[in-house]
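Chains as they are written, first to last, in our numbering: chain A, 441 to 793; chain B, 2 to 308; chain C, 100 to 448.
For the record, the hints were derived by calculation from the structure and aren't laboratory data. Bear in mind the structure is a predicted one, so any value in this text is a computation, not a measurement. Every residue, glycine too, gets a C-beta built ideally from N, C-alpha and C. You may find that some hints are simply not true.
As the list claims (entries may be wrong) - With a straight-line cut-off of 20 Å between C-alpha atoms, the simulated SDA-like cross-links for lysine to any residue are: (1) B/Lys307 - C/Pro341; (2) B/Lys307 - B/Val224; (3) C/Lys342 - A/Glu505; (4) C/Lys342 - B/Glu195; (5) A/Lys562 - C/Arg444; (6) A/Lys562 - C/Phe359; (7) A/Lys562 - C/Pro341; (8) C/Lys446 - A/Arg582; (9) C/Lys446 - B/Gly18; (10) A/Lys617 - A/Ser564; (11) C/Lys254 - B/Asp199.
Unchecked claim - Sample of chain C residues lacking proximity to chain B, with all beta carbon distances greater than 10 Å (derived): (12) Val161; (13) Asp220; (14) Thr445.
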Amino acid sequence: MTKNFGQFTAVRDVDLTVGAGEVVCLLGPSGCGKTTILRMIAGLETPSSGEVFFAGRNVTRLTPEQRNVAMVFQFYALYPSLTVEENLTFPLYAEKLSSAERRSRVADASEILQLSDILGRKPSEIAEGEKQRVAVARAIIRDPSCFLFDEPLSRLDVELRESMRAQIKEVLLGLSKPTVIVTHDQLEALTMADRITIMRDGIIEQIGTPHEVFAQPQNVFVASFIGTPQMNLLGVQLMNSNDAETEFLLDGEPLKISMGSKVSDSLFGDVTLGIRPRAFALQDAASPAAITIKSEIIEPMGAETLIHGRTRSDTEIRVVVPREHRIQSGECLHVIPDSGQVQLFNEQGNAVR
Amino acid sequence: MKWISRKDRAREVDRAGWGRTAGAAIASFIYFFPVLVIIITAFKKHTDALAVPAKLFPDFMGWLVPERLTFTPTLENFVSVFSRSFTTGGAAQDTGFDLFFFNSIFIAGSSVLLALAIGTLAAFGFSRYPLKGNDTYLFVILTTRMLPAIVVIIPVMLMFRITGLAGTYTGIILLYTAFNLPFTIWMMKSFFDELSPDVEDAARIDGSSDRGVFFKICMPQVVAGLAATAVFGLILTWNEFLFALLLTGVDTRTVPVAMSQTIGGDIGVRWGLLAAIETLFLIPVILVTFFLQNQLLRGVTFGTVKR
Amino acid sequence: MNTTTAAHSSAGKLLAFRWDNWRLALLATLIGVPLSAFVLPNFAAVVATCILGGLLVITSVVYSWTRHVGGLLVAPAIAVLVVMNIFPLLWSLGLSFYNYRADRQSLSFIGLRNYERLLSDPVVWERLTTTATLVVLTVAVQMVVGFLFALLFSKQFPLRRYLLILVLTPMMLSYVAVGAFFRYYYDPTFGLVSQVVNMFTDEPFVLISSTGGAIAAIVIADAWMWAPFVMLLVLAGLVSVPKHLYEAASIDRVPAWRRFWSITFPYVKGLLMLALLFRTIEAFKLFDVVFILTDGGQSTETIALYVYRQAIQFNKTSYSASLSYILLFTVIVLTNLYLYLANRRTKEG
Numbered sequence: 441m442t443k444n445f446g447q448f449t450a451v452r453d454v455d456l457t458v459g460a461g462e463v464v465c466l467l468g469p470s471g472c473g474k475t476t477i478l479r480m481i482a483g484l485e486t487p488s489s490g491e492v493f494f495a496g497r498n499v500t501r502l503t504p505e506q507r508n509v510a511m512v513f514q515f516y517a518l519y520p521s522l523t524v525e526e527n528l529t530f531p532l533y534a535e536k537l538s539s540a541e542r543r544s545r546v547a548d549a550s551e552i553l554q555l556s557d558i559l560g561r562k563p564s565e566i567a568e569g570e571k572q573r574v575a576v577a578r579a580i581i582r583d584p585s586c587f588l589f590d591e592p593l594s595r596l597d598v599e600l601r602e603s604m605r606a607q608i609k610e611v612l613l614g615l616s617k618p619t620v621i622v623t624h625d626q627l628e629a630l631t632m633a634d635r636i637t638i639m640r641d642g643i644i645e646q647i648g649t650p651h652e653v654f655a656q657p658q659n660v661f662v663a664s665f666i667g668t669p670q671m672n673l674l675g676v677q678l679m680n681s682n683d684a685e686t687e688f689l690l691d692g693e694p695l696k697i698s699m700g701s702k703v704s705d706s707l708f709g710d711v712t713l714g715i716r717p718r719a720f721a722l723q724d725a726a727s728p729a730a731i732t733i734k735s736e737i738i739e740p741m742g743a744e745t746l747i748h749g750r751t752r753s754d755t756e757i758r759v760v761v762p763r764e765h766r767i768q769s770g771e772c773l774h775v776i777p778d779s780g781q782v783q784l785f786n787e788q789g790n791a792v793r
Numbered sequence: 002m003k004w005i006s007r008k009d010r011a012r013e014v015d016r017a018g019w020g021r022t023a024g025a026a027i028a029s030f031i032y033f034f035p036v037l038v039i040i041i042t043a044f045k046k047h048t049d050a051l052a053v054p055a056k057l058f059p060d061f062m063g064w065l066v067p068e069r070l071t072f073t074p075t076l077e078n079f080v081s082v083f084s085r086s087f088t089t090g091g092a093a094q095d096t097g098f099d100l101f102f103f104n105s106i107f108i109a110g111s112s113v114l115l116a117l118a119i120g121t122l123a124a125f126g127f128s129r130y131p132l133k134g135n136d137t138y139l140f141v142i143l144t145t146r147m148l149p150a151i152v153v154i155i156p157v158m159l160m161f162r163i164t165g166l167a168g169t170y171t172g173i174i175l176l177y178t179a180f181n182l183p184f185t186i187w188m189m190k191s192f193f194d195e196l197s198p199d200v201e202d203a204a205r206i207d208g209s210s211d212r213g214v215f216f217k218i219c220m221p222q223v224v225a226g227l228a229a230t231a232v233f234g235l236i237l238t239w240n241e242f243l244f245a246l247l248l249t250g251v252d253t254r255t256v257p258v259a260m261s262q263t264i265g266g267d268i269g270v271r272w273g274l275l276a277a278i279e280t281l282f283l284i285p286v287i288l289v290t291f292f293l294q295n296q297l298l299r300g301v302t303f304g305t306v307k308r
Numbered sequence: 100m101n102t103t104t105a106a107h108s109s110a111g112k113l114l115a116f117r118w119d120n121w122r123l124a125l126l127a128t129l130i131g132v133p134l135s136a137f138v139l140p141n142f143a144a145v146v147a148t149c150i151l152g153g154l155l156v157i158t159s160v161v162y163s164w165t166r167h168v169g170g171l172l173v174a175p176a177i178a179v180l181v182v183m184n185i186f187p188l189l190w191s192l193g194l195s196f197y198n199y200r201a202d203r204q205s206l207s208f209i210g211l212r213n214y215e216r217l218l219s220d221p222v223v224w225e226r227l228t229t230t231a232t233l234v235v236l237t238v239a240v241q242m243v244v245g246f247l248f249a250l251l252f253s254k255q256f257p258l259r260r261y262l263l264i265l266v267l268t269p270m271m272l273s274y275v276a277v278g279a280f281f282r283y284y285y286d287p288t289f290g291l292v293s294q295v296v297n298m299f300t301d302e303p304f305v306l307i308s309s310t311g312g313a314i315a316a317i318v319i320a321d322a323w324m325w326a327p328f329v330m331l332l333v334l335a336g337l338v339s340v341p342k343h344l345y346e347a348a349s350i351d352r353v354p355a356w357r358r359f360w361s362i363t364f365p366y367v368k369g370l371l372m373l374a375l376l377f378r379t380i381e382a383f384k385l386f387d388v389v390f391i392l393t394d395g396g397q398s399t400e401t402i403a404l405y406v407y408r409q410a411i412q413f414n415k416t417s418y419s420a421s422l423s424y425i426l427l428f429t430v431i432v433l434t435n436l437y438l439y440l441a442n443r444r445t446k447e448g
C-alpha cells in the first residue's frame, strides 16, 4: 500500500506501506495530519495528489463502500437509534450473509469483546468502555481488506485504557490484516504497533519499530517526542574527538564522553547531544566526564525519582535516579552520561550516530 | 485550507456543489413566485393589474418577452399609501393608510415593549426561582397563546364594551400585551435557561445583589435574544387580524383590518395598492428572515425548540 | 387584618383575613366578578371588578414580597394574563351556562342546555368535519412539501443562506396578505391560476366555485404559508446528525434507504412530531385565510369561523361561549401533548 500526495499542508508527500498482518501506528501531536492520512486510506477524503493501493489495486478513486475497509472512529460513531446488536449487524448486510450466519458472527464478535450482556441496549445506555468495545467489535465482525483505528482509546480513562490496549492487541494478533492505528499517545503506539510512524506538520519524521524509534531517533523531534520523561537535548560545541574520547563544550565547561569511535571532523562546531534522563549515573565528585547540576524540583515517581536541575549557566537537565538516593532540593549533583546511550545530532537536528 | 478541529468535523454539514444550488434556486424561485407577483403588482397601474393575459414583466425587459406581457412600472401605488388620496377618474379618495400604518406601528410597538418589560422579568423568575408548580404555570401561559383567538375574544369584547375600552388604543394595546406575553416569556426563558449559572454564582459570591445579577450579568448576555424576541413579537402582532378586526375602531384600525376591508367589495379592489402595502412590509420581513435565521426556529416555535 | 384566628387547618388558612392571603382574594375574585357582572349594573360591576382585582394584586404582591422573589418577578405577567385571558375565559365559561345574547337584556340560567344543544347540532358536526378535512389536508401537504425542501437544503451549498430566505418568507407574512393575494390569483377573470387553466381548457375557470375547489384553494394558500415551518424543524433535525455517523455508514457499506431510516430519520422523528402537532393546533384555529378567501362559502366554514358567526353576527354569545369551550379543550389536550414531546426532546438532547 503506497500513498504519496501533496498540495495543502495537512499531509505532505507521505509514503507508507503496511504489510499484511502488520500493525502500524501513526503517532504525532494533534493536528499533524495523521487522521487525514487515515481518512484518505478509508476513502473519506480524497488525496489532492498521489495514490492509494490495496494489495496492488489502485483504490484512489473508489468510495469507502467500494474499498471494503473497517474503521473504528474516535467518537465511536455508534448508531444511536440502534441497539448494540443492530449496530454489530449493520455492516453485515452488505456481505449478503444468511441471517443464521449473521447471528453467529455477532455472537462470535460479542464473545471476543465481552458484549454478550449488553447486546439489547442502546449506545446511550452503556458505559464509555463498552461503547469502545462495540466500535471495535463492529470493525472486526467484518472481513475487510484492512483495519483502521482513529484514536481508539483517547476517550477512556487511564485504567480502562490499559486493559483495552491489551485486548485490542490480542484481537489484532488474531486478525492478520494490515492495520493502521492513529494515536497521540506514545505508550499506546509503543505497546501496540509493529512499526511506528512518527509525524509532524504533515511530514513523516521517522518510520521504525518501537525499539528503533526509542533507541535510535532519527532527529531531534523524534528524540524529544518519544520517551518519558523527555530526553535531554543539550546544545554543545564539539571540540575534539578521537577513538577513546570526544570533548564537548557545554556552556563553556568541558565535557568528555567516550563515543566508542572518532566523530567525523565535519561535525566540529554546534551539535546537539541527546541523553535520556535514565542514562545518567551519579558520582561523588566533579570531573570532566560529569555534568554538575543544582537540583531544583524533586518529583518522586515511585521506584524512581525525577530531578529537574540546572547547570551553572542555567541549562535545564532532567535526571532520573533510583529511589534510594535521597536528593534534597538545592543539592549539587555530578552526573555522568552513559556513553552507550548518548545520541548525537548535527546542526540540522538529524542523528549522526 | 485551514485545519479543522476534529469536533467541528463531526458537526460540519455535508457539502454539495453548484448543482445543488441550481436545483434549490429553481425550487425556491417557484416557491417564492407568489410573493414575487405581489411585488410586481405593486408597481402596476390599476388596469395593468387586472390585465389578461397577466403582464408579469416590466417594460425594460421588453426585449425578452412579447410586448403584451409587459407593463410600465409606476410608483403610483406607493404614493397612494401615504399621500392620503389618489385619483380614480378625477375623484379624490381617502385611503387613510398612513393612519393605519401609524396605528399598526404604534400598537405593535407599545404592546411589544410592555410585553418585553413584563415578560423578561417573568421569564427570569421562571428560569431562576422556580415556583411550586412552575411547569403548570408555564403550560397555562403557553395554552393561552395557543387558543383560537375567537375563544378569548367573546368575553373580552363584553369586557371592553362595559369598560369602554373597545376601539381605544389602551384596550387593544393591553390585549396585545397579553397576546405577546406568553411568547415573550417562553422565548426569554429559553435564553435565560441557556446561560451558565456559574457566572451568576461567581457574581453572587463577589457580593453582587440579585438585582445586580439580573442587570449586570444576565441581561447583557441575552441582548441578542431580547432583540430577536422583540422582532418576532412585532411581526406576530403586526400580522394579527381577528382581535384587531373586532376591537379597533375607525381611528385605531390596523393595516391587516384595513386591507381586509379594501377587498370587502368584489368590484374595484385596489390590487395595486394592496400589493404596495404588502411590499412595504416585505422589506422588514426579508431583513428579519435573513439576520435572524439562526433564531428563526426558536422564534416560530415560541422557544420550545432551540435547535 | 384579622390575626385572632390561629387556624392551622388549611381551610382556616384559606379564610384568614390577612394581607398576604392571595388564595382568598382569588376565590373572591373568581366568585365575585362573574356574579357582579350579572347582578350589579354595569358601572358598579366595573368598580367591583376593580376592587376585587386590586385586592388580588395587593395580596399576591404582599405574599410574594415576604416569601418569594420568583413570585414577585412573575406577578405582573400573571396579572396581565389573568385580567386579559384567564378572567375572560372564566367569564365565558360562566356565560356558557346562561342563555345570554349580546343584543338582548334577558338572562337566565339554563345549565348544560347549551352543551346539549351543540352536541346534537348537525351543523356543528358538519363544521367540525370541514375543519378536520382542512386540517388533515393542509398539514399533510405542509409535511410533505416541508420535508422535501428540508432534504433539498440539508447540505451546505453556495448561496444556500440566500435561497433559504425565499422559501422562509411566506411564513412571516400576515394571513390577511396571503389570503388577499391568493384571492387575486384565484380571481375568475384576471387571476393567474384561472389564466393558466384557461390556456388548456378554453373555458372560464373559477376555482372557488365548487366545494372541492374551495377547499383546495384554502389548503394551497395555508400550506404554502406554513410548509416553511415544517422545513425549518426538519432541517434542524437533518443538520443535527453527526457527520461521522454517515462516514461510519459508508465504511460499513450501508445502502442509502437503510441509512436514511436507521440514522437520519431517528434524528428527525422528534422534530417531525413537534411540527405535526404544532401545525395541527394552528390549522385547527384556521380562520383568517378562510375569512378572506371564501368567507365560509362552498361549505368551507371552519369551526372557528362558525363560532365567530354565532358570536358576532348572530349575537348568540352564550351558545358560542359553550362552543368555544370545546375548542379550548381540544387545544389544551394538543398543547399538553406538544409540550410533553418538546420537553422530552430537550432533556434527551
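Each hint tested on the structure:
1. For the hint pairing B/Lys307 with C/Pro341, the CA-to-CA distance comes to about 17 Å; that is within 20 Å, so the pair holds.
2. For the suggested pair B/Lys307 and B/Val224, the alpha carbons sit about 17 Å apart, so the restraint of at most 20 Å is met.
3. The straight-line distance between the Cα atoms of C/Lys342 and A/Glu505 is roughly 16 Å, inside the 20 Å bound, and the hint therefore holds.
4. Only pairs whose Cα atoms come within 20 Å are accepted, and C/Lys342 paired with B/Glu195 is rejected, the gap being roughly 25 Å.
5. Using a Cα cut-off of 20 Å, the hinted pair A/Lys562 and C/Arg444 holds, with the two alpha carbons roughly 17 Å apart.
6. Between A/Lys562 and C/Phe359 the alpha-carbon distance is near 18 Å, which keeps this suggested pair within the 20 Å criterion.
7. In summary, the hint linking A/Lys562 to C/Pro341 is supported, as the alpha carbons are separated by about 17 Å, within the 20 Å threshold.
8. Between C/Lys446 and A/Arg582, the direct Cα distance comes to roughly 36 Å. Violation of the 20 Å bound is thereby established for this hinted pair.
9. This hinted pair does not check out: C/Lys446 and B/Gly18 have alpha carbons roughly 36 Å apart, beyond 20 Å.
10. For a cut-off of 20 Å, the pair hint linking A/Lys617 to A/Ser564 is broken: about 31 Å separates their Cα positions.
11. Of the supplied pair hints, the one linking C/Lys254 and B/Asp199 is violated, its CA atoms being roughly 36 Å apart against a limit of 20 Å.
12. Remark: the non-interface label on C/Val161 is consistent with the geometry, its nearest Cβ contact in chain B lying 16 Å away (cut-off 10 Å).
13. With a cut of 10 Å on Cβ distances, C/Asp220 stays outside the contact zone with chain B, its closest approach being about 17 Å.
14. Listed as a non-interface residue, C/Thr445 fails to keep its Cβ farther than 10 Å from every Cβ of chain B; the least gap is roughly 7 Å.
The earlier numbered hints that this structure contradicts are 4, 8, 9, 10, 11, 14.
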